[in-house]
Amino acid sequence: MKNNPFWKKTLEIFAATIVIMVFWYLLAIYVKNNILPTPQEAMKEFFMIFHGTLWEHFYISAYRVVVSIIAAMLLAVPLGLLLGREEQLDRYIAPVVYLVYPIPKIVFLPVVFLLMGLGNLPKIFMIGLIVFFQILVTTRDASKGVPVQNIHSMTSLGARKRQIYYHVVWPACLPKILTSLRISLGTAIAVLFFVESFATTEGLGYFIMDAWSMAAYSQMFAGIIGMSFLGLILYIVLDIIEAKWCRWQYL
Amino acid sequence: MINTYELSLTYNQAENPVDALRDVTFDLAEGESMSIIGPSGCGKSTLLFIIAGLLQPTSGRVVIDGSEPEGPGAETALILQDYGLFPWKTVFENACLGLKVKGYKRKDLQEIVIPILQKLGLAEFMYSYPAQLSGGQRQRVAIARSLALKPKILLMDEPLSSLDALTRETLQHFILDIWREHKLTLVLVTHSIEEAVFLGQKICVMSDRPGMIKEMIENPMMGCPGFRKKQQFHEMCSRLRSLLGVEQQ
Ligand SMILES: Nc1ncnc2c1ncn2[C@@H]1O[C@H](COP(=O)(O)OP(=O)(O)OP(=O)(O)O)[C@@H](O)[C@H]1O
Ligand SMILES: [Mg+2]
Numbered sequence: 001m002k003n004n005p006f007w008k009k010t011l012e013i014f015a016a017t018i019v020i021m022v023f024w025y026l027l028a029i030y031v032k033n034n035i036l037p038t039p040q041e042a043m044k045e046f047f048m049i050f051h052g053t054l055w056e057h058f059y060i061s062a063y064r065v066v067v068s069i070i071a072a073m074l075l076a077v078p079l080g081l082l083l084g085r086e087e088q089l090d091r092y093i094a095p096v097v098y099l100v101y102p103i104p105k106i107v108f109l110p111v112v113f114l115l116m117g118l119g120n121l122p123k124i125f126m127i128g129l130i131v132f133f134q135i136l137v138t139t140r141d142a143s144k145g146v147p148v149q150n151i152h153s154m155t156s157l158g159a160r161k162r163q164i165y166y167h168v169v170w171p172a173c174l175p176k177i178l179t180s181l182r183i184s185l186g187t188a189i190a191v192l193f194f195v196e197s198f199a200t201t202e203g204l205g206y207f208i209m210d211a212w213s214m215a216a217y218s219q220m221f222a223g224i225i226g227m228s229f230l231g232l233i234l235y236i237v238l239d240i241i242e243a244k245w246c247r248w249q250y251l
Numbered sequence: 001m002i003n004t005y006e007l008s009l010t011y012n013q014a015e016n017p018v019d020a021l022r023d024v025t026f027d028l029a030e031g032e033s034m035s036i037i038g039p040s041g042c043g044k045s046t047l048l049f050i051i052a053g054l055l056q057p058t059s060g061r062v063v064i065d066g067s068e069p070e071g072p073g074a075e076t077a078l079i080l081q082d083y084g085l086f087p088w089k090t091v092f093e094n095a096c097l098g099l100k101v102k103g104y105k106r107k108d109l110q111e112i113v114i115p116i117l118q119k120l121g122l123a124e125f126m127y128s129y130p131a132q133l134s135g136g137q138r139q140r141v142a143i144a145r146s147l148a149l150k151p152k153i154l155l156m157d158e159p160l161s162s163l164d165a166l167t168r169e170t171l172q173h174f175i176l177d178i179w180r181e182h183k184l185t186l187v188l189v190t191h192s193i194e195e196a197v198f199l200g201q202k203i204c205v206m207s208d209r210p211g212m213i214k215e216m217i218e219n220p221m222m223g224c225p226g227f228r229k230k231q232q233f234h235e236m237c238s239r240l241r242s243l244l245g246v247e248q249q
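Line by line, the protein sequences are chains A and B.
Just so it is clear: in the first sequence, position 87 is 87 by this note's numbering, and no numbers are missing.
Just so it is clear: in the second sequence, position 198 is 198 by this note's numbering, and no numbers are missing.
Take the hints with a grain of salt, since some may be wrong.
[As the list claims (entries may be wrong)] Derived lysine-lysine pairs resembling DSSO-like cross-links, with alpha carbons at most 27 Å apart:
#  : chain 1 : residue 1 : chain 2 : residue 2
1  : B       : 150       : B       : 89
2  : A       : 161       : B       : 105
3  : B       : 230       : A       : 161
4  : A       : 144       : B       : 89
5  : B       : 152       : B       : 107
6  : B       : 119       : B       : 214
7  : B       : 152       : B       : 119
8  : B       : 152       : B       : 89
9  : B       : 214       : B       : 230
10 : A       : 144       : A       : 105
11 : B       : 119       : B       : 107
12 : A       : 144       : B       : 100
13 : A       : 161       : B       : 89
14 : A       : 244       : A       : 9
15 : B       : 89        : B       : 119
16 : B       : 152       : B       : 102
17 : B       : 89        : B       : 107
18 : A       : 244       : B       : 105
19 : A       : 144       : B       : 105
20 : B       : 214       : A       : 161
21 : A       : 161       : B       : 152
22 : A       : 244       : B       : 107
23 : A       : 8         : A       : 244
24 : A       : 244       : B       : 100
25 : A       : 244       : B       : 89
26 : A       : 161       : B       : 102
27 : A       : 144       : A       : 161
28 : B       : 229       : B       : 183
29 : B       : 150       : B       : 100
30 : B       : 183       : B       : 152
31 : A       : 176       : A       : 105
32 : B       : 152       : B       : 105
33 : A       : 176       : B       : 89
34 : A       : 8         : A       : 176
35 : A       : 161       : B       : 150
The hints are simulated quantities; they were obtained by calculation from the structure and are not laboratory data.
Quick caveat, the model's predicted, so the values are computed rather than measured.
Work out the full structure: start from the sequences and follow the hints.
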């Protein structure tokens, strides 16, 4: 059990949680203001309201983040792999990416809300759009960096293009793609909070803002804990995928 | 059988085109072996890639068994120095790759590949990843992958250059055995004078860039028992050494 990576990880997360709690506690004592409740109060509130109200907000937020990341990934990964290898295509598309990537796309939120209404779609679209470019750029660079010798050795075996992508380009880029997903996850949750704080009555972002407006600070922190859990769970999922698919990286 | 006629190749880079090969002409009979040696950057890899069908020459032609190949042929297998194996595939998957690409079924893969791995002493590492093998074992996997394709022509680009001297010698004997047993036509690029003499019935000495054939040496004693210890071996090595201009330095 000592060497089991699963237990090791669990233990690490547990220890880190305690460290954070201690700091939080000390800060709360120091600030002495009910805008910053102690971790005990916040946790108590969290477990009290999770089954009642918080759960639904958690669920809808998780849904928005997961769908947008998956959609962005399904589009960005194949396109990125192609752009990295097909110079002709890259020559046309790279300048566009170059121009669009640095634009803070969140500024289009009003337009997106106007065009797509106030449902889930504009929120998913907004998160997906931002995350799409992060994944695209990383994947493209990774794909460009696949050593030409790797490609040669595959070609010399008589492989066709599709097979080269399947056996070489995709597995070679997978670790970097997972890293880009990890980075995107942080971005996605930040954007989630932002898009959920307007014109909606569902989601953790709304829950936190609503609690704030009512000065229900324990409740607000319960929402914050919920959001942290959401990030943590998705992070762990990515870790599991990496351990399964990229075992060769850790030998 | 490999015939090349006045092969030339210029890499057309944007700024300065590089003349990598010029007028390379040689014939290699079926079952013969040839080693290629020459200064770094003289176009040895380029020549090998052209024979493998990975690069098209700027002018001249390659004829393999009477016809000009279009793209990588089924008869030809290429082994590269470092990047041939894929770290994300196990030894077995790596060894199967050539067959898999050609559409073989899973059952056939095992039937063909497992005996080869056994013979190369890799059976117990079937499910290991390349990172878990020694350099010599890795090269043997690369050889296994090529042999699985039952090639007639085996092209090797400095296959042993990253190995220590002992492993290197062992694998040279190993390549010699495989060459004999499978009656391969072998072309081997190397930086090592001893290796060139040990494994080449012909030794193609190339000049500095643009790569031309400086001299084609016949090496009839190659492969005879105990060659490495014989007088002729050392004479051949010193001849190569002076041809390559090593002594002066
Ligand atoms: N893709 C390429 N584009 C442009 N120039 C290249 C390319 N590949 C090789 N060259 C140039 O062509 C020349 C021959 O290269 P090649 O790789 O065939 O040399 P080599 O004899 O195999 O060298 P080494 O012994 O160091 O492996 C070199 O000068 C190199 O700079
Ligand atoms: Mg070379």
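Here's how the hints hold up against the structure:
With a C-alpha separation of about 21 Å, the suggested pairing of residue 150/B with residue 89/B holds against the 27 Å cut-off. Of the pairs offered as hints, the one joining residue 161/A and residue 105/B holds, with about 20 Å between alpha carbons and a cut-off of 27 Å not exceeded. Taking the CA atoms of residue 230/B and residue 161/A, the gap is about 49 Å. The hint is violated against a cut of 27 Å. The suggested pairing of residue 144/A with residue 89/B holds, with an alpha-carbon distance near 20 Å, which does not exceed 27 Å.
For the suggested pair residue 152/B and residue 107/B, the alpha carbons sit about 24 Å apart, so the restraint of at most 27 Å is met. Distance restraint check for residue 119/B and residue 214/B: the Cα-Cα separation of roughly 39 Å exceeds the 27 Å cut-off, and the hinted pair is therefore not satisfied. The hinted pair formed by residue 152/B and residue 119/B meets the criterion: a straight-line CA distance of about 19 Å does not exceed 27 Å. Taken as a hint, the residue 152/B and residue 89/B pair is honoured in the structure, with Cα atoms around 26 Å apart against an allowance of 27 Å.
Among the hinted pairs, residue 214/B with residue 230/B is consistent with the structure: their alpha-carbon atoms are about 26 Å apart, no more than 27 Å. This hinted pair checks out: residue 144/A and residue 105/A have alpha carbons roughly 26 Å apart, not beyond 27 Å. For the hint pairing residue 119/B with residue 107/B, the CA-to-CA distance comes to about 19 Å; that is within 27 Å, so the pair holds. Distance check on the hinted pair: residue 144/A and residue 100/B sit about 25 Å apart at the alpha-carbon level, within 27 Å; holds.
With a C-alpha separation of about 19 Å, the suggested pair residue 161/A and residue 89/B falls inside the 27 Å cut-off, and the hint holds. For the hint linking residue 244/A to residue 9/A, the alpha-carbon distance of about 15 Å falls within 27 Å, and the restraint holds. Distance hint between residue 89/B and residue 119/B is fulfilled; the C-alpha atoms sit about 20 Å from each other, no more than 27 Å. The suggested pairing of residue 152/B with residue 102/B holds, with an alpha-carbon distance near 17 Å, which does not exceed 27 Å.
This hinted pair checks out: residue 89/B and residue 107/B have alpha carbons roughly 18 Å apart, not beyond 27 Å. The straight-line distance between the Cα atoms of residue 244/A and residue 105/B is roughly 25 Å, inside the 27 Å bound, and the hint therefore holds. With a CA separation close to 32 Å, the supplied pair residue 144/A and residue 105/B exceeds the 27 Å bound. Simply put, residue 214/B and residue 161/A have alpha-carbon atoms about 38 Å apart, too far for the 27 Å limit, and the pair is violated.
This hinted pair checks out: residue 161/A and residue 152/B have alpha carbons roughly 25 Å apart, not beyond 27 Å. In summary, the hint linking residue 244/A to residue 107/B is supported, as the alpha carbons are separated by about 25 Å, within the 27 Å threshold. At roughly 17 Å between alpha-carbon atoms, residue 8/A and residue 244/A fall within 27 Å of each other, so this suggested pair holds. At most 27 Å may separate the alpha-carbon atoms for a hinted pair to count; residue 244/A and residue 100/B meet this at roughly 23 Å.
As the CA atoms of residue 244/A and residue 89/B are separated by approximately 13 Å, the hinted pair is consistent with the 27 Å bound. Distance hint between residue 161/A and residue 102/B is fulfilled; the C-alpha atoms sit about 13 Å from each other, no more than 27 Å. In summary, the hint linking residue 144/A to residue 161/A is supported, as the alpha carbons are separated by about 15 Å, within the 27 Å threshold. Restraint check for residue 229/B and residue 183/B: satisfied, since their Cα atoms lie roughly 25 Å apart, inside the 27 Å limit.
At roughly 14 Å between alpha-carbon atoms, residue 150/B and residue 100/B fall within 27 Å of each other, so this suggested pair holds. The hinted pair formed by residue 183/B and residue 152/B meets the criterion: a straight-line CA distance of about 8 Å does not exceed 27 Å. Distance restraint check for residue 176/A and residue 105/A: the Cα-Cα separation of roughly 23 Å lies within the 27 Å cut-off, and the hinted pair is therefore satisfied. A hinted pair counts as satisfied when its Cα atoms are at most 27 Å apart, and residue 152/B with residue 105/B qualifies at roughly 22 Å.
Proposed proximity of residue 176/A and residue 89/B is supported: the alpha carbons are some 17 Å apart, at most 27 Å. At most 27 Å may separate the alpha-carbon atoms for a hinted pair to count; residue 8/A and residue 176/A meet this at roughly 24 Å. With a C-alpha separation of about 23 Å, the suggested pairing of residue 161/A with residue 150/B holds against the 27 Å cut-off.
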